[in-house]
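A.B. asks: The residues making up each chain are set out below.
2 protein chains.
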Amino acid sequence: MQVASASRAAEPPLEGLTVIDAGTTIAGPMAASFLSDFGAEVIKIELPEQGDPTRQWAPKKDGVSLWWKVSGRNKKLITLNLSKPKGQELLKKLVLDADIIIENFRPGTMERWNVGYQDLAGVNPGIVMVRISGFGQDGPYSHRPGYGTIAEAMSGIPSFTGFPDKPPALSAFPLADAVAGLFGAMGAMFAIYHRDVKGTGEGQYVDVSLYEPLFRLVESFVIAFDQLGFVKQRRGNRMEESSPRNAYETSDEAWVAVSASSQRTFERLAHAIGRPELANDPRFANNPSRVDNAAELDAIIARWFRQFCLGDCMEILKQHDVVAGPIYDIQRIFQDPHYEARDDIIEVEDAELGTVRMQNVIPKMSKTPGEVKFAGLALGEHNHEIYVERLGLSREEIERLEAEGII
Amino acid sequence: MQVASASRAAEPPLEGLTVIDAGTTIAGPMAASFLSDFGAEVIKIELPEQGDPTRQWAPKKDGVSLWWKVSGRNKKLITLNLSKPKGQELLKKLVLDADIIIENFRPGTMERWNVGYQDLAGVNPGIVMVRISGFGQDGPYSHRPGYGTIAEAMSGIPSFTGFPDKPPALSAFPLADAVAGLFGAMGAMFAIYHRDVKGTGEGQYVDVSLYEPLFRLVESFVIAFDQLGFVKQRRGNRMEESSPRNAYETSDEAWVAVSASSQRTFERLAHAIGRPELANDPRFANNPSRVDNAAELDAIIARWFRQFCLGDCMEILKQHDVVAGPIYDIQRIFQDPHYEARDDIIEVEDAELGTVRMQNVIPKMSKTPGEVKFAGLALGEHNHEIYVERLGLSREEIERLEAEGII
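So the sequence lines, in the order shown, correspond to chains A and B.
Using the working numbering, you'd call the opening residue of the first sequence number 18 and step up by one each time.
Using the working numbering, you'd call the opening residue of the second sequence number 18 and step up by one each time.
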């Protein structure tokens, strides 16, 4: 493959960009990860002794957090206590030569520590500060504790996710944090474009909440209520705009997702399940009729799926070019030839755990691909490189800072 | 507010960047929207007569698609049939002065039309091409039809979303497309950084599938299986790593999401529900014990919530600084003072529907904020501006192209 061979020689696209990851747990560190996946130098700040909370998170192997191995990957690690004046001074020294700083403390915290946006811009007017928080930097809730779960709840999405006879379904992973991290990384690049490509030299801050990114993604959500009074409801795996769209169980207790609401895709599905006449049945003749009669249609389709095992179902559906796919768990993902061909799972050497496997970088860039160089390292691993080699601190200063709990 | 007043004067960050949106429906157009929200000039290509499929999507008002009003916002609209040689010629003329082109056809389609990456790079070596598809540009499934629902199913996420006694829960909006759109816009900015800030002048293509972006977001998913054989399961609104974390129903049938697994947050919750002794109960004394006894703990908490209406619950929880939030539907979002203070919902004038309300741009940039200038316009609205004023076509050429179904 041309792409892969070209990739070896080229450097990642963001090489030369320096990012300070002053975030903790998920959202801020994930924004930083999207940049470090593509070659930005990310210097991650952790509290002395404690380190990032994800270092303590389950799941663990031999006492080592697996989450940390991924969220800390590709990052240079220094310890630094920002609540102490000497720690604040050191941060400002780092900011002098940095392009981006990412943080996700409660609004006001960085200001209390004398390292708010104004303080840092005073040191380096070109600095781009990505500030992630539950509710954003202003507004009446801005000082409330905001975790991803709460932000997701208030984004509106869980109210229409899941089944009507069950509670609203929350994500079982930090979706709000992850999407906020994406908006944070993207917003940082917009600010860098303004600063460097347009040549203004001007930095700024980027205010990312956890609830607004998810709210933004559901494009028809606001306007449908505004114009029609439409309140989106939980409908299980059906959709109010299209049918059939559902997950169906096979004879071997696997599930297959099907999306076949356009006329052509529905006709292909009808053929695949041996019921071509359904496309002419007035109840199912077009998408609006199918939506009105979704329960009947789903019963017919579900009956077909229950006759066959997953492999047979997929074989028949593929022959008819039906838009369908199995609901994978991680076990099936490890067995899937397409995941394998795309190198979606990579092996990374790790001093603590040996070889670990994790997700590759996303997306795939043809000339300057990103790469994973190493998994999450030990607390303070790069203290010497950053404090001594880069900032020029002496051995005595380092020892004093360590003794005082600054680094 | 300083931010808002500064925002009026400054131009959006991406002004000067030209993007061709050759995508259809969701993923490609959404990537383009994230850029046009921040001032990039986005020229959207639609099939003559038919237009983008979202123009026909529900929900509609007076026959006008509401979805289109959002997904088409801020975009200059031209008609162009890429399957015809003259259409391909016109695209190449547009590419000559463009920075980015975004497409989401099945892999191979653009090549068949002589406008694949090699063809376009031949015209403009600096062009950045964002290619979004169900399964990516290579690998055994690359030519399969890939809709967001299928990609989501194969990303692994639905397998652990929802309740164990119900089918896996798929999203009720195009989540995979939206997240792919984010990775596409972010990847485009990485490529622009490589081209313009590092000054290589070199374009490239960015290969974004619909399944990999979601797969990437669940950081512990791969490594937990690799190292521990752990297969993430559906647990309703509980999490395997933390407790309590759930949604609880109030006396007035509202739902509240609670995340209180750290010791301090749990103690605050225990106080709020009048059961401070729970923090010393060996079953609930620390997070691992709480995870083991999650059903018992949830029963105690759920009993408390059922005694009060939503307003009373939230008032008590707020007094104790508990990390909790109501599960909002769109009606509650419209009434929320924080959404209002943050200008999350804006009014946009529209020739067809009068004033329409939709989501504001995300994130908030302090010096160069994005903005929504107009909602989705009519098919071919900018044909004159682009074809006549920019490309210099004559009135006769335009008429001939129209007659031939090229534009």
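Treat the hints as calculated values from the structure; they're not laboratory data.
The structure displayed is predicted, hence computed values, not measured ones.
Some hints could be false.
Identical copies go unnamed one by one, so any copy, or any two together, can satisfy a pair.
Stated by the list, open to error - Below are the BS3-like pairs computed for lysine-lysine, each with C-alpha atoms no more than 30 Å apart in a straight line:
no., residue 1, residue 2
1, Lys335, Lys77
2, Lys215, Lys110
3, Lys335, Lys183
4, Lys77, Lys390
5, Lys109, Lys93
A.B. asks: Confirm or reject each hint.
C.D. replies: Outcome of the hint check:
1. Lys335 / Lys77: neither (40 Å within a copy, 33 Å between copies)
2. Lys215 / Lys110: Both: 26 Å inside a chain and 24 Å across chains, each within 30 Å.
3. Lys335 / Lys183: Only across copies: Lys335 and Lys183 sit 26 Å apart there, 33 Å inside one copy, limit 30 Å.
4. Lys77 / Lys390: within (22 Å within a copy, 49 Å between copies)
5. Lys109 / Lys93: within (17 Å within a copy, 44 Å between copies)
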